[in-house]
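Novice: Sequence:
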Amino acid sequence: MSAALRETESAARQPSPLLELDQVEVTYHRIAIAVQGVSLQVLDRQIVALLGSNGAGKTTILRAISGFLGVDDARVSEGTIRFDGEAIANRAPHWVTGRGIVLVPERDKVFENLSVEENLDAVVGRRAAAGASMRQAVYEYFPALARLREREAGYLSGGERQMLAIGSALMCAPRLLLVDELSLGLAPIVVEQLAERLCAIRRDLGMSILLVEQNAPVALGIADYAYIVENGRIVLDGDRGRLSGHQDVQDFYLGAGGAGRRSYRDVKQYRRSRRWYG
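Just so you know, the sequence shown maps onto residues 8 to 285 in the numbering used here.
By construction, these hints were calculated from the structure, which means they are not laboratory data.
A portion of the hints provided could be inaccurate.
What follows is a set of in silico ranges between Cβ atoms, one per label pair, in the way DEER data are often shown [unchecked claim]:
1) Ala39 to Ala94: 19 to 29 Å
2) Ala94 to Cys179: 15 to 25 Å
3) Asp246 to Arg106: 25 to 35 Å
4) Ala180 to Asn97: 19 to 29 Å
5) Asp246 to Ala207: 17 to 27 Å
6) Ile196 to Asn120: 27 to 37 Å
Each residue gets a CB set at the ideal place from its N, CA and C atoms; glycine is no exception.
Can you make the complete structure from the sequences, with help from the hints?
Specialist: This is how it looks when you write it as structure tokens:
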């Protein structure tokens, strides 16, 4: 068998990505480029993490996928975003949600004046009866919500709000769940529990998950693949084994290099200087 034929057969065996971004550029107010040349993939039933410091462009990437760029006077100005083979860039959020992509935002996660159960039912509206089985599944994934179903969401703890936000997203029966900053402001034990629940949701519901996270140990603990974002660009990617063992990632994201370095690029420059002057 020729090498060309082997390559063709190997490519044919590779699963098609559920989500694919190809050289995506996002522009704010028609002049400010926030994301440039971003390419990434999420396969079916895969957990993928976007890692990076605050302001790196991770949330902008999620907004580009979910359709929420318009509320910030931004748009995908270059490149393509495809979900299950269909172009979705610059479509309205409700249209994207209807295709099976649901965002759990970093802020404004819940309706504070509604109870836990009302929050869940509000998502499906007139189809609330049809969503009863999914609501029960949400309570099984998050037993705390079942105990608090009558409590107003405004009185929930941060961890309970995150559970409710994920549960509300599940009520839409997504194929791809986008989670923005799972661990932000939460105690480590709560973050660990949430990460375990995401793994169970992926396993049980056959769902793909794209997770934006600053806490690299948490993200790399559950992700099949990860991308590191700096200044609106992908600077490194790989499976969890490759990234966990990468010296630069260890120095900055996993704490091996100490505090005080502001970015992944700083770490690379620091390491070069050590080689040069050492």
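Novice: Are the hints correct? Go through all of them and say.
Specialist: Against the structure, the hints come out as follows:
| no. | hint | verdict |
| --- | --- | --- |
| 1 | Ala39 to Ala94: 19 to 29 Å | holds, 24 Å |
| 2 | Ala94 to Cys179: 15 to 25 Å | holds, 21 Å |
| 3 | Asp246 to Arg106: 25 to 35 Å | holds, 27 Å |
| 4 | Ala180 to Asn97: 19 to 29 Å | holds, 24 Å |
| 5 | Asp246 to Ala207: 17 to 27 Å | holds, 21 Å |
| 6 | Ile196 to Asn120: 27 to 37 Å | holds, 29 Å |
The structure is consistent with each of the numbered hints, conforming to all of them.
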